[in-house]
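A.B. asks: Generate coordinates for the entire structure from the input sequences, incorporating the hints supplied.
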Amino acid sequence: MKHFYFVILFLAFSATTYGQQTLGTGDIEGFKLYPNPATQGKVYVETAENAPKKIMIFDVLGTRVMETTILGKELNVADLDPGVYVMRVFEKDKVATRKLIVK
1 MKHFYFVILF LAFSATTYGQ QTLGTGDIEG FKLYPNPATQ GKVYVETAEN
51 APKKIMIFDV LGTRVMETTI LGKELNVADL DPGVYVMRVF EKDKVATRKL
101 IVK
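Sequential numbering from 1 applies to the sequence shown in this note's numbering.
Misleading hints may appear alongside valid ones.
Once the Cα atoms are required to be at most 20 Å apart in a straight line, the calculated EDC-like pairs of lysine to aspartate or glutamate come out as [claimed, not checked]:
| hint | residue 1 | residue 2 |
| --- | --- | --- |
| 1 | K99 | D81 |
| 2 | K32 | E74 |
| 3 | K99 | D59 |
| 4 | K42 | D79 |
| 5 | K42 | E74 |
| 6 | K94 | E67 |
Quick list of simulated restraints, FRET-style, between CB atoms [unchecked claim]:
| hint | residue 1 | residue 2 | range |
| --- | --- | --- | --- |
| 7 | D93 | T39 | 17 to 25 Å |
| 8 | A48 | D81 | 19 to 27 Å |
| 9 | D93 | Q40 | 14 to 22 Å |
| 10 | G83 | E49 | 26 to 34 Å |
| 11 | E29 | D81 | 30 to 38 Å |
| 12 | A48 | P82 | 24 to 32 Å |
| 13 | K103 | E49 | 15 to 23 Å |
| 14 | R98 | G41 | 13 to 21 Å |
| 15 | G30 | T63 | 14 to 22 Å |
Hints are computed from structural coordinates only; laboratory data are not their basis.
By construction, the Cβ of each residue, glycine as well, lies at the ideal position given by its N, Cα and C atoms.
C.D. replies: Structure (structure tokens):
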């Protein structure tokens, strides 16, 4: 049953990302997310522009578990339970969606 929810979540994010790319938004240039999997309670989100980034993190059921804005590169994920998440990063008119693993 969990696999079914994951497939639905993946399709929903794929459709959303495709729709946004056709409207002129695309993947963020120079996007890097590390370390992934996160083991020390923080990850670093790096981009070419290094502008402020709005970050939303969803669990595999599609529930938003975190929403924040960061000005630098460091994101604190210590409050997240170990598991697999979907992370959406918005910077200016661009968006990137990545899988985030927290151990």
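A.B. asks: Decide, hint by hint, whether the structure agrees.
C.D. replies: Consistency of the hints with the structure:
1. A threshold of 20 Å between alpha carbons decides the hint, and for K99 with D81 the separation of about 15 Å falls inside it, so the pair holds.
2. Taken as a hint, the K32 and E74 pair is honoured in the structure, with Cα atoms around 12 Å apart against an allowance of 20 Å.
3. Restraint check for K99 and D59: satisfied, since their Cα atoms lie roughly 10 Å apart, inside the 20 Å limit.
4. Proposed proximity of K42 and D79 is supported: the alpha carbons are some 10 Å apart, at most 20 Å.
5. In summary, the hint linking K42 to E74 is supported, as the alpha carbons are separated by about 7 Å, within the 20 Å threshold.
6. Using a Cα cut-off of 20 Å, the hinted pair K94 and E67 holds, with the two alpha carbons roughly 17 Å apart.
7. As the Cβ distance of D93 to T39 is approximately 33 Å, the hint placing it in 17 to 25 Å is violated.
8. Range check, A48 to D81: Cβ separation about 32 Å, and the 19 to 27 Å hint is violated.
9. In this structure the hint that D93 and Q40 lie 14 to 22 Å apart at CB is violated, the actual value being about 32 Å.
10. G83 and E49 have their C-beta atoms about 30 Å apart, which keeps the hinted 26 to 34 Å range intact.
11. Under the hint 30 to 38 Å, the C-beta atoms of E29 and D81, about 32 Å apart, fit the expected range.
12. In this structure the supplied range 24 to 32 Å holds for A48 paired with P82, their Cβ-Cβ distance being about 31 Å.
13. Range check, K103 to E49: about 30 Å between beta-carbon atoms, so the 15 to 23 Å window is missed.
14. Judged by the Cβ atoms, the range 13 to 21 Å given for R98 and G41 holds: they are separated by roughly 18 Å.
15. Between G30 and T63 the C-beta distance comes to about 30 Å, which lies outside the given range of 14 to 22 Å.
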